[in-house]
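**Student:** So the sequences go chain by chain: A and B. According to numbering that gives the first Met the number 0, the first sequence is numbered sequentially starting from 0. According to numbering that gives the first Met the number 0, the second sequence is numbered sequentially starting from 0.
Keep in mind that the hints were calculated from the coordinates and are not lab data. Glycine included, each C-beta is placed from N, C-alpha and C at the ideal position. Incorrect hints may appear among the rest.
Far from chain B, by Cβ distances over 12 angstroms, these chain A residues were calculated [stated by the list, open to error]:
1. R11
2. R25
3. P36
4. P118
5. P193
6. F328
7. T352
8. R364
9. R401
10. G455
11. L474
12. R559
13. T563
14. A567
Below 27 angstroms or equal to it, Euclidean Cα-Cα: the simulated DSSO-like pairs (lysine-lysine) are [stated by the list, open to error]:
15. K135/B - K490/A
16. K571/A - K375/A
17. K375/A - K533/A
18. K135/B - K200/A
19. K375/A - K490/A
20. K490/A - K533/A
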Amino acid sequence: MHYGDRLVIRLRSFRRVVRLWAGEQRGRVVVGLACVPIAAVLSLLLPRLGGETLDLATRLAGTEGEQVDEFYALCFLVLAVALGETAIRWVARRTLIDASRHAEARLKEELMAHLLRLPVPWFDRARTGDILSRFTQDVELVRFAVGPSMLHGGAALIVIPGGFWFMAQLSPLVTAAAAAAFVLLLGSLALVTPRMHRDSKAVQESIAAISQRAAEAFAGVRVLLWFSRAQRETAAFGRQSDDYVDHSVRLARTRALFNLFIHSCRELVVIGILVLGAREAIAQRLTAGELFELLMLTTVMISPLISISWILALVQRSLAAAERLEELFEVTPEPDVGADADLRGNLAVRNLTFAYPGHETPALRDVSFAIEAGKKLGIVGPVGSGKTTLLALLLRLYAPPRGSVFVDEHDICDIRPSTLRRAFAVAPQDPFLFSDTIQHNVAFGHGDGRDATGIGEAVHASGLDLDLARAPAGLEVVIGERGLTLSGGQKQRVSLARALASSGGTLVLDDTLSAVDHHTERVILQRLRHARQKRAVLVVSHRLSAVRDADLILVLDEGRVVATGTHAELLKNDGYYAAVHRRQEHRDTLEDGPLADGPLADGPLADGPLADGPLADGPLADGPLADGPLADGPLADGPLADGPLEDGS
Amino acid sequence: MNFAPDLDEQDQATLDLSHLRRLWPFVAPYRGTFVACLLILGLSFVLELAGPYLLRVALDGPIADAIRGRPTDPNAVWRLGALYLAVTVGGVSLGWTYAMLTARAGQRVIRDLRVRLFGHLLRLGLGFYDRNASGKLVTRVTTDVENLNELISTGVLQSLFDLLKIVGVLAVLFWLDPTLALITLLATPIVIAVSLAFRNRVRTSYRDVRHRLALQNAFAGEAIGGVRVARMFGREPAVAQQFAARNRQTRNAWLATAAHFAAFVALVDVALRTTQVAILGVGGHGVISGAISAGVFVQFWLYFHKLSEPIRELGEKYNVLQSAFASSERIFGILDEPVAPIPAAQPQPAGQGPAALRFEQVEFAYRDGPPVLHGIDFEVPPGQRTALVGPTGAGKSTVLALVSRLYDPSAGRVLLDGEPLPSLDLDGLRRRIAVVPQDVFLFTGTILDNVRLFDDAIDEARVQRALELVGARDFVQALPGGLHAPVEERGATLSHGQRQLLSFARAIAVEPDLLVLDEATANIDSESEALIQDGMRRILAGRTSLVVAHRLSTVRDADQILVVHDGRIAERGSHRELLALEGIYARMVRG
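The following block holds chain B by itself, in its conformation from the complex (with noise of 0.2 angstroms):
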């Protein structure tokens, strides 16, 4: 179990507003939704602002004429209370229809965004997996696809929203009083500077936080999980020696943090709390000369109050907005990625019945790389097998990997049934082929899901018929629950051999015309090894195969045997035949 984070990453990018347009087509479809929420926040502001309106109507009105001995009367206060009930219950209404409408449309944006990323991802060719590593791949689904999320479901409108209101507000102070509004404003650009300041050191000592936390995190693991190892050699007090440094690591990261949020605080309240006195002073002086009335003065404290807010929380939303756009260029980058291989215009059917497979003058090399592959030319008859054997980094797997267009080759062609490959339906294609690798992968899910990959296409009945054929029925019957039995840990707790066969039963339980198989090579327990070669035998028989083979016994019964040797078909031929020429085959089957 590992939690480390992505260290390379920054939150740090420029404020490149084309990445925003670039999310258009995803806000596009809810675009009335958010207009409306722009109304409901113009209109919510106006009720903000009706409140402490209301209650300088009674201060100056009926309190004031009281105080004054006028008349007044008694029901203008209820008055104002009912008024200041129904801004209340407004402005209530308004905000929850808010955040259910933002949170609605912008989760979808979110989902229709993540989906999209996740199904152009799986459509690059897998050179593009050959230069990322999956995990960080997981991060641009996850991570920065939250990011963006709370740009969309809070941050753009609700920061676009604080600015306005900060002017608005801004300017109904000078509409109340000029001097305590350019008090006002005079001050703003201090507590927004300080803000700003703070709530970034705030955020990048968090960042150092989490990472830190994620290292400690992912050491205590090992520490729980190699417990035995560490008894073992007796170095207990040594690992609890490395798990207190890192610990003390993480406790000195989250003082750091704490000490720069409680600056930010204190700082900010001592901006907010100056200014508060100043206008008090320069308000009450106001009073004093008879230049306004303590209503007045009222409602302009509360009107203040409301300008605090957005203010105090103006870094915070800045910095929200940055890692989203850093978030934003990152997935762009991914979309922008051409899929790999280019689908055909017009694909013809992929066609159907025993498969014959013909590789012309193939070349290969990977991005920026040296050529892997020179020349290579074979055919493999329909219910024929090819073996191709050679020394490991000779290119054999690559060869295979060609065959499904996992990759294309740089020249040469290779075809199907006499069609090149890049002519077929890619989809029909790969239904049609069948691959067995080295390595086997399990999903989470069950035997069942595992076998025929989460196509429930394929029956129970089919699945249980291709286990049965590799001789992986009984074993599977033995587990709890048999088909439907769990795959846990990616079948870690699987044998070896056990995990060979059911990817062969994968790859029977789709009928391919053509099996590719690149034999595994593995030093397994021999019960392990002997029910490989017994599965691998099954699936073989009468199949048109192309065989990446490391055992002399999958070679021998060949029909044509490939030696493959620095990227070039150095040999073929027979068994017999490539025995008789005493070449490389010779010496290696000699040993």
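Isolated chain A (complex conformation) (with noise of 0.2 angstroms):
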């Protein structure tokens, strides 16, 4: 990238981050940045306080009556002072850390509208992992940039100087060597802290690692036992599970030695002022209640030194995190424009050629057809043959050629994207449901508020009564990997039931029955006949008998429209379509009676674990990551899980 263009989003980062914290938590942030300093400087007060405290009791050693008061009052002073930082202290932490954790609510929910808005061959590119590290890690690291960083951080800005000031007017000689012990303190902890990190990233992907290495065992159990592999498999995870002791080891060595340079800084410290301030204490230049102060100063400083080192070493990585996540927000968003047409779904395409970005091989070629508004379209050809990507340029998922694909004959071009996919309702071949319940996986495409009556003849026409009878607790029944697990031909259903509850206007089934068994298929396909009335269909399919009574039949090979007609003309053609038809009318199923094989019996919500014998419900079943130590591991607790800022800050 160019430089020019780097600086450009560093600045918009930095904006943003601003506008989200002291911007939207104005309140907090001023509150909690006048805090910092003022606790810092009690701090910094007590250890004179406990000194002169020290002094004043010497000087007093012997007497007795009111001049043992002032004494008292001084001790007072001391609660206080000390009282008083502990509570500062606390505000300071409750705002900063709050208005850090609003930030960052806000830059995630952000960042997830955006997202959803960009264009979806974008997606076709990014890998959700990636862009789930960004919502996890580097959310988190800039966070740290404006929530413990202020407070940890601004608190050392102060305390160190002022220690060290403080220090100086009591003994050069003792601040000289205390001074050259923290610059080798802060030296060495930079050499360490980004080994700390890196050894505990190890740490936890070799953890992953063996979770994944069982994961996939006890899933594949069946397997392992079929194949008398439970031996081989252990000495495997052994061998896992010694990688994981090596790099544990390390990192623990890494952590001692962190440990080792604070405390022998301490105490080389300890030592300065024991040796030279004893010298300077015998010479008459300082007091016991001076050589104490000195030693509490070194107290007061040490732990802020610790947090400057670790900020410094956080603070390049969260610039990176806060770039990187601006580069995300500079993608531009599809653009929600154009006619707001009310659309009846009269399609026409024509001459439309598309090659998908980057690639060179057109996807489709040359291809024109037209159906009416309320006619069935069946489009049929073999893998890869362009099928799916005529329905996602129809979708405008993919941008099709101005001129070449039109709705009431508005180019698609000119209509507004949501307005046009208002009209459609569609069934994609990946039928993708979210982690919820049926009922809301199946209302998803209506928006608020329709009557349930729709969901309910959705779910009887897409088959999906068949399977509900049997579950107790109906639609409510949450799914996914937190739930029940549903077959492929299950999953295909509620999607259908989803499409047909949408109150989108022409239906778009992409093989949607593949997985769906012959019998069943022919339920579902009478309901449907009777359900869709005078909806528009466009049904993409591998098997013919979804298509046999469509108005209109594409077959496609290689992007092009080989033959268009309707079944009956397609069979008397003898091309593809008839071969295919051949070969499927064969018969080769062993059924008996209705629905032996169908919704009832293929899958968890038949019986439960039990139902159909150890080798019925798929090893796949539970996710393997379901409740894996991902789980709580290095997502969850971000990458200062094992900083010295303890895991409230």
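Mind docking these for me? Both chains are given alone in their own frames, and the hints should help you get the complex.
**Tutor:** What follows is the structure in structure tokens.
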């Protein structure tokens, strides 16, 4: 990337963070930032007051009466300052950490809202895992910059120079020694801290690998038992565990080094005070109380020093994280502009040629056809012939060339994308469902507040009611990795019901019944015919049974329309269509009565885990990471998990 | 992708020491190291106490002398400094040694426990896996073992020692000045109580955070993964809103954690600082009245400072201990599960060559379930094919599971070459049988790994032959990397037919004496269908086989067909005989 662009992104990321943090959380930030220096100054006063108390006591030794009251007054002052500092630090912590959490949440919210508006081709190139790590790690790093680093770093900026100033007033010699030790400490921590990050990342990766291996072994335990591979697998698991031991020991060594540096530095300063300070005390230039003050100052200054080393190590990463986030924000969303026509669904495609971005060979070549609203269009063809591409273009998930796709004689490039898509109700090839109730999944497409009968009809027409009849919780059952695992056919039926319940006009079914057995398919097709009534349908299918009653059938091959016509016409042609028809007519399935292998049988909706014996409910039943260690692993705790700035901050 | 945590599990457990005893066999091999660690801790405690003592000597010796105008030894300070340096070097080296020793030994203990647990899990029968979700089992070998890790490498010794340290420091304090020590003694329980109470709240709310965060991340993953669906239905705003709602919940959980943590820090601070000021007051009073010297006061002060750290941490240590106990309860609960099937005391070798299989009046019920098989009695002679047909749920798959002893019958016997299965060497038995399940399970690895199931004894040439035999060679060669092409996302990038062929090849590569096959029912595209039918014909040819069949073509050529209905063999015979019978089979065939 260009240096100038990089700078622009850096400035924009800075502006965004400042807006979400100092802008939206102004009250908290102002109060917090005001409290930090006050608390820091009070914490520096404590050693001085403590030293003076001791000196006063030494001076008063042997006296009684009113003079002793002066001593007690001083003690109360110390108490007041100490508790005051605690209270103010509490306020600073509450305001700054809370502000950072609010800003973090807003940042995530804006990011998600933005991502959901990005064009589909962008998602083809992006990896979900990468995007998720923006959400988890990068946002946490940014939060660190405006939360803990303000709290601890701000204090350190005052305590460290202030501490030296107090020291210098007592003994320049001791101050010089302490400064040398502290510089040494900062230097060594600067070396160790990045190693600590690296090692702890390696440990996390290693445990993730262990978890992955275990997850596969347990999910595929039948295969391991059948082929008598349990011992071999255990040995392999042992090797993986050895690897984890190595990484853990390495991390422990780095941690020990970290502690060693801190401990040595502190003790070096104490030795400096002991030797140099004592010599000055003997020379009567320092009192016992002042020596005491020097010791306490050391204690006060150590933890800000550690914070600073930690913050310095993270600040670079925070900046980089903010820039990565800003790069996401820089991607232009799909413009939702265009005409808001009331679409009836007359469809015309004229000489459509299309290649995916970055591909040279077109996925579709010179495709033309037209179909009126309310009719049924069937699209068949071998795998990779362009069927799904054609549907994606109709929905403008990808941009078709201008002048090639028309709905009601509007070029779809001129129609507002959301308006265009509302004219369709899609059951896509990959029946992606959300981990939510079946009810919510079915109702997904129809906006808010539609009556339950619409859902009921959709559930019936899709054949989903056959599955639900056996599930006690019915539509309320939660599906997905945290709930019920559906078979492929069941997922397709939910997806179909979702399309049927949607308020969209033309029904688009992309090989929607591929995982449904023949008998159930017959039932569903029959119900669909009844349910769709005047609704137009676009059906893509491997199976000709789904398209035989279509008003028009397109046969695609390698992106071209190789034949069009009705079922009867295409059979006469004796081409691909007729050949497939012959193959599929030859029935080879043993079925005993309706629904033998149908929706009642093929999944956990039927009867719990023991329903069809050990071989039935596939090894993929419960996702490997469902409740694995990753749950509370690296992604949960963020990059700061093992820092000295504890978990609440 | 899903990162949802296990919600039913609590870290609370009764502090039952019997679990610790059960850890002993794992710790025992390294006991020398742990004893050494204890000695090191003791020694470094003494060194820790030495530092402030040296400071006191300096204050009360040369410095006090100088102030009172008495002659002082100018070298005394240097000597003290040198001593202090020696103490520091000693303490630092001991600390380093301790950290490395506990890390090494602790990690090995944990490794042994983890591998033992994993190995045990793989020796449990399938019944166990029917009852336990695999995600939960993963938690056992990771999170639960990690909790014990914390206990062993820092927890036990450190907290044991922290307690000793508190007692030790208190004793020294009493020796220094009983009045001051009394103040400390009164304050300590208060600090500990505050620390325990609030640390626990922080922990509880942090668990809530992890839970919410996991839900939110899982949702984010779905929102991104399902962005096309949201787009098609124009529901992006609704998805964004749902995300925002989860996001707010996470934020609120964080805010609660931060509030608890801030309260914890502040309250412990208040308790400690009040005590410190009391020490300052009473100690100062002692200096005024001449009861103690300034040096003793400083020494006392520094000792108290050393005390405050373990007290502050006690709450945290207690929590570590608690979750370690809960985890060890779960871990040992699994290690207590009986191995299934129980291996024979004196196993017979499993034999070789074409196998003969026999079921004798076999009954079977899943644990606590109703019987699913009744009086199953049949024989598969060497080199012949027997097909099981019947409706789903009739018990066909269960019959197959009994052959490999994934379960044992509740009555009756299964015999291989005339020997009852339980008398045979289990490993040998399973090596003679190859199973092709309905659903193909592929592991992360290469095509080669998946065909030979990570067994290096099966060479590449044999794998190639197996692939060729089942008709999978062409598609494997077309993959980038061929045999070494990585299998990603458990084979999601391969077609259904291709995965089936790999499963066939896997079965053939082990050159089985008996092939057990559960025919796939899924309706798939016609190309895959053709691949599978062809592959199946090739692997069944000339082998002893037991097949659960769904296709007429598979059944027709079988030497014997068993129609299983309601767990019984309702009809048996050849295709022709059964058709003539005009019973269930004839109805199935004619639809």
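**Student:** Next, verify each hint and record whether it holds.
**Tutor:** Taking the hints in turn, this is what the structure says about them:
1. R11: holds, 21 angstroms
2. R25: Given a closest Cβ separation of 18 angstroms, the condition holds.
3. P36: holds, 18 angstroms
4. P118: violated, 9 angstroms
5. P193: Given that every Cβ of chain B is farther than 12 angstroms from that of P193/A, nearest at about 20 angstroms, it holds.
6. F328: Per Cβ check, F328/A is outside 12 angstroms of chain B; nearest 15 angstroms; holds.
7. T352: It holds; T352/A is separated from chain B by about 23 angstroms at its closest Cβ, greater than 12 angstroms.
8. R364: holds, 22 angstroms
9. R401: Non-interface label stands for R401/A: nearest chain B Cβ at 21 angstroms, farther than 12 angstroms.
10. G455: About 19 angstroms separates G455/A from the closest Cβ of chain B, which puts it past 12 angstroms; holds.
11. L474: Given that every Cβ of chain B is farther than 12 angstroms from that of L474/A, nearest at about 18 angstroms, it holds.
12. R559: holds, 19 angstroms
13. T563: Holds, because the least Cβ-Cβ distance between T563/A and chain B comes to about 21 angstroms, which exceeds 12 angstroms.
14. A567: Given that every Cβ of chain B is farther than 12 angstroms from that of A567/A, nearest at about 21 angstroms, it holds.
15. K135/B - K490/A: Roughly 24 angstroms between the alpha carbons, so the hint for K135/B and K490/A holds.
16. K571/A - K375/A: Given pair K571/A, K375/A holds - Cα atoms ~20 angstroms apart, limit 27 angstroms.
17. K375/A - K533/A: holds, 10 angstroms
18. K135/B - K200/A: Holds, at about 24 angstroms.
19. K375/A - K490/A: holds, 24 angstroms
20. K490/A - K533/A: Since the Cα atoms of K490/A and K533/A sit roughly 26 angstroms apart, the hinted pair holds (cutoff 27 angstroms).
In this structure, the one hint that does not hold is number 4.
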